[in-house]
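J.: As a plain string of letters, each chain reads:
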Amino acid sequence: MLKRVLVANRGEIALRVIRACHELGSEAIAVYSDADRDGLPARLADGAYRLGPPPVAQSYLRARRLIAIARRAGCDGLHPGYGLLAENAEFAAQVEAAGLAFVGPSPNAIRLMGDKVAARRLAREHQVPTVPGSFAPLPDLAQARRQAERLGYPVLLKAAAGGGGKGLRLVSRPDELENAYERAAAEVAQGFADRSLYLEKFIPRAKHIEVQVLADGAGQVLHCYERDCSVQRRHQKLIEESPAPRLGSEKRAELGRAALEITRACGYRSAGTVEFLYDITEERYYFLEMNTRIQVEHPVSELVTGIDLVQQQLRLASGEKLSLTQQQLRPRGAALECRIYAEDAQQDFAPSLGQIEELILPSGPGVRVDSGVDRGDRVTRYYDPLLLKLIVWAEDRPGAIARMERALKEFTLLGVATTAEFHRRALRAAGFLDGSYDTDFVASLGPPGQLDALSRRQLAVAAALLREAQRAPLAPDAARTESAWKGASWPDETLYG
Amino acid sequence: MRRYTVEIAGQALEVVLEHDRRGRLWAEVEGQRMVVELRPLAGRALYTLIWGRRSIGLGCAGRGSGYRLQREGQVYHPVKVERSAVHALRRHLKGRSLARSDRLELRAHLPGLVVKVAGQPGQLVRQGQGLVIIEAMKMENELRAPCDCLIEAIKVKVGAEVKRGTLLCILRRS
Numbered sequence: 001m002l003k004r005v006l007v008a009n010r011g012e013i014a015l016r017v018i019r020a021c022h023e024l025g026s027e028a029i030a031v032y033s034d035a036d037r038d039g040l041p042a043r044l045a046d047g048a049y050r051l052g053p054p055p056v057a058q059s060y061l062r063a064r065r066l067i068a069i070a071r072r073a074g075c076d077g078l079h080p081g082y083g084l085l086a087e088n089a090e091f092a093a094q095v096e097a098a099g100l101a102f103v104g105p106s107p108n109a110i111r112l113m114g115d116k117v118a119a120r121r122l123a124r125e126h127q128v129p130t131v132p133g134s135f136a137p138l139p140d141l142a143q144a145r146r147q148a149e150r151l152g153y154p155v156l157l158k159a160a161a162g163g164g165g166k167g168l169r170l171v172s173r174p175d176e177l178e179n180a181y182e183r184a185a186a187e188v189a190q191g192f193a194d195r196s197l198y199l200e201k202f203i204p205r206a207k208h209i210e211v212q213v214l215a216d217g218a219g220q221v222l223h224c225y226e227r228d229c230s231v232q233r234r235h236q237k238l239i240e241e242s243p244a245p246r247l248g249s250e251k252r253a254e255l256g257r258a259a260l261e262i263t264r265a266c267g268y269r270s271a272g273t274v275e276f277l278y279d280i281t282e283e284r285y286y287f288l289e290m291n292t293r294i295q296v297e298h299p300v301s302e303l304v305t306g307i308d309l310v311q312q313q314l315r316l317a318s319g320e321k322l323s324l325t326q327q328q329l330r331p332r333g334a335a336l337e338c339r340i341y342a343e344d345a346q347q348d349f350a351p352s353l354g355q356i357e358e359l360i361l362p363s364g365p366g367v368r369v370d371s372g373v374d375r376g377d378r379v380t381r382y383y384d385p386l387l388l389k390l391i392v393w394a395e396d397r398p399g400a401i402a403r404m405e406r407a408l409k410e411f412t413l414l415g416v417a418t419t420a421e422f423h424r425r426a427l428r429a430a431g432f433l434d435g436s437y438d439t440d441f442v443a444s445l446g447p448p449g450q451l452d453a454l455s456r457r458q459l460a461v462a463a464a465l466l467r468e469a470q471r472a473p474l475a476p477d478a479a480r481t482e483s484a485w486k487g488a489s490w491p492d493e494t495l496y497g
Numbered sequence: 498m499r500r501y502t503v504e505i506a507g508q509a510l511e512v513v514l515e516h517d518r519r520g521r522l523w524a525e526v527e528g529q530r531m532v533v534e535l536r537p538l539a540g541r542a543l544y545t546l547i548w549g550r551r552s553i554g555l556g557c558a559g560r561g562s563g564y565r566l567q568r569e570g571q572v573y574h575p576v577k578v579e580r581s582a583v584h585a586l587r588r589h590l591k592g593r594s595l596a597r598s599d600r601l602e603l604r605a606h607l608p609g610l611v612v613k614v615a616g617q618p619g620q621l622v623r624q625g626q627g628l629v630i631i632e633a634m635k636m637e638n639e640l641r642a643p644c645d646c647l648i649e650a651i652k653v654k655v656g657a658e659v660k661r662g663t664l665l666c667i668l669r670r671s
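Protein chains in written order, with this note's numbering: chain U, 1 to 497; chain F, 498 to 671.
Chain U on its own, in the form it takes in the complex (with noise of 0.2 Å):
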């Protein structure tokens, strides 16, 4: 087991890996940008170095100041969380030259799998379906337009170097092809070293479904089934459930097939994620992409499989292998989980920055809340504003949903807002109710409800008192008067009843 594992990431991830670290009896090192001093991976690590100011740029991209500290604080591991350096190759590269592990699958199998094109083509050599689209990056405009005519638009233009929803465009109709191809070439010229980009066939009425998969390099591969993660808002995952409703057993065991398939065609090692596309209308899957790192959605794979996954990925780097067997990981119940990010969705999910004046997270049974953020904590614009997530398991689907909405009930941040409420609009729509929902939910969700009359009345009373409270009293003997509280004609008891 690795001894002492350095943090290189922040927020819930950065926590979630510690926890598993000491759960484990390993020592956990934190880092943090000057907005992280005081956060709880920094109080909660064992020990933690300051990385710089607080643009990524100056801290958490830093790699190699990242591998300087854990030589320094005498790590002999690394896990990199997602996001950040998560999936860069040269950079697991430089960890392992330096001699530590990187908790993560091998510099090979990122490259390999962060190429979206090259692989589509492991992907069709190893007769996994893919959506009809270029196996070869689109060498021109001209190219572009002629495969776009064979696939017949709509058509996904989408950058080698992509993944998560970057750099991907709709391209509705020919005469807008130009346009997007010019845009689309601007903007990974920019961004990323691969500037090669790729078409696909748009489908519609689509869902995400993606399989969670363990491997240890020697042969053993694993699935933990699949999580649908079809509601999303600008490809950005905001509810995710597992098992997938509406999906039957021998499609399950098909896509854990394929998944295994594509698993074990890069030389996979750690957990990863095989994502699917899943076209409702056909009833058809195609393997979209592999995400070669730990998921911000792996809590309800936990749950229902009951397998620690990044204890597991720690194990893996260590160089143990998978004691696991697929007939063992018997999925149970259901589980969903709900991202508490700091956005506005009655603003089209724009980002919400301040100060979390107050915080209650929820617990009791079931309920697990992965969190990166303290009361007090504030919500800075240099970060993913991903705060927290709420993650429940109960017995069957109706439960979790319950369960998640009684989770939501108890949940209070104020200071800044949260997808909250969209989370809880969202729990009580037809379409995630009966599971028929596809990556198109977010946009058919209406707006939130009217305020029913005694709730605007409470809230009306309450601010009006609030008001009251922040004055000289009302009554000029209210210090000496028995309070309504304790002259009241009522028992007590029933007051919290």
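Don't read these hints as lab results, they were simulated from the structure. Even for Gly, the Cβ is constructed at its ideal location relative to N, Cα and C. Heads up, some of the hints might be wrong.
Quick list of simulated restraints, FRET-style, between CB atoms [as the list claims (entries may be wrong)]:
hint, chain 1, residue 1, chain 2, residue 2, range
1, F, 574, U, 328, 46 to 52 Å
2, U, 443, F, 506, 55 to 61 Å
3, F, 637, U, 376, 35 to 41 Å
4, F, 599, U, 55, 45 to 51 Å
The hints should help you fit chain F onto chain U, whose structure is shown.
T.: Here is chain F on its own, set in the frame of chain U:
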């Protein structure tokens, strides 16, 4: 008895608060009368609203110009509260004046006697600096500059009787 106008979710509601002889606080809103109390949780932005025999947990941040109230995970923002008289006056004035955003009017918030005017037109004042003192009910009430600003005009003199809402000074944000 105090009357407040509360703006919530696009609606304006009048809330009347009144103690009865037994010291209980009654609220009347939209024709409903209820014994109420707001109990703060020490050191937190959390409250319990006692509403008759019900208790309702609330989170609250911000000020009367825009509270952020949270109930059962749902946030209501902004919830604005004003004394009803002030609210009515503001609405009245809003209808008349074409005040530009950097033009500020300092108005009497209570009736009384002007006992001091500090400063002259053309003078720059700092936020919080006292401008006018109004004596009412044998108490001196100091009206201060709401921000760093320039005194454009002073509309009252020492010794003047003012009503609630009387224009005292015209200021310009600097």
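J.: Each hint: holds or not?
T.: Now for the hints, and whether the structure bears them out:
1. 574/F <-> 328/U: 46 to 52 Å: With Cβ atoms ~49 Å apart, the hint holds.
2. 443/U <-> 506/F: 55 to 61 Å: violated, 24 Å
3. 637/F <-> 376/U: 35 to 41 Å: Holds, since residue 637/F and residue 376/U (Cβ atoms, about 38 Å apart) stay within the stated range.
4. 599/F <-> 55/U: 45 to 51 Å: Between residue 599/F and residue 55/U, where Cβ atoms are some 34 Å apart, the hint is violated.
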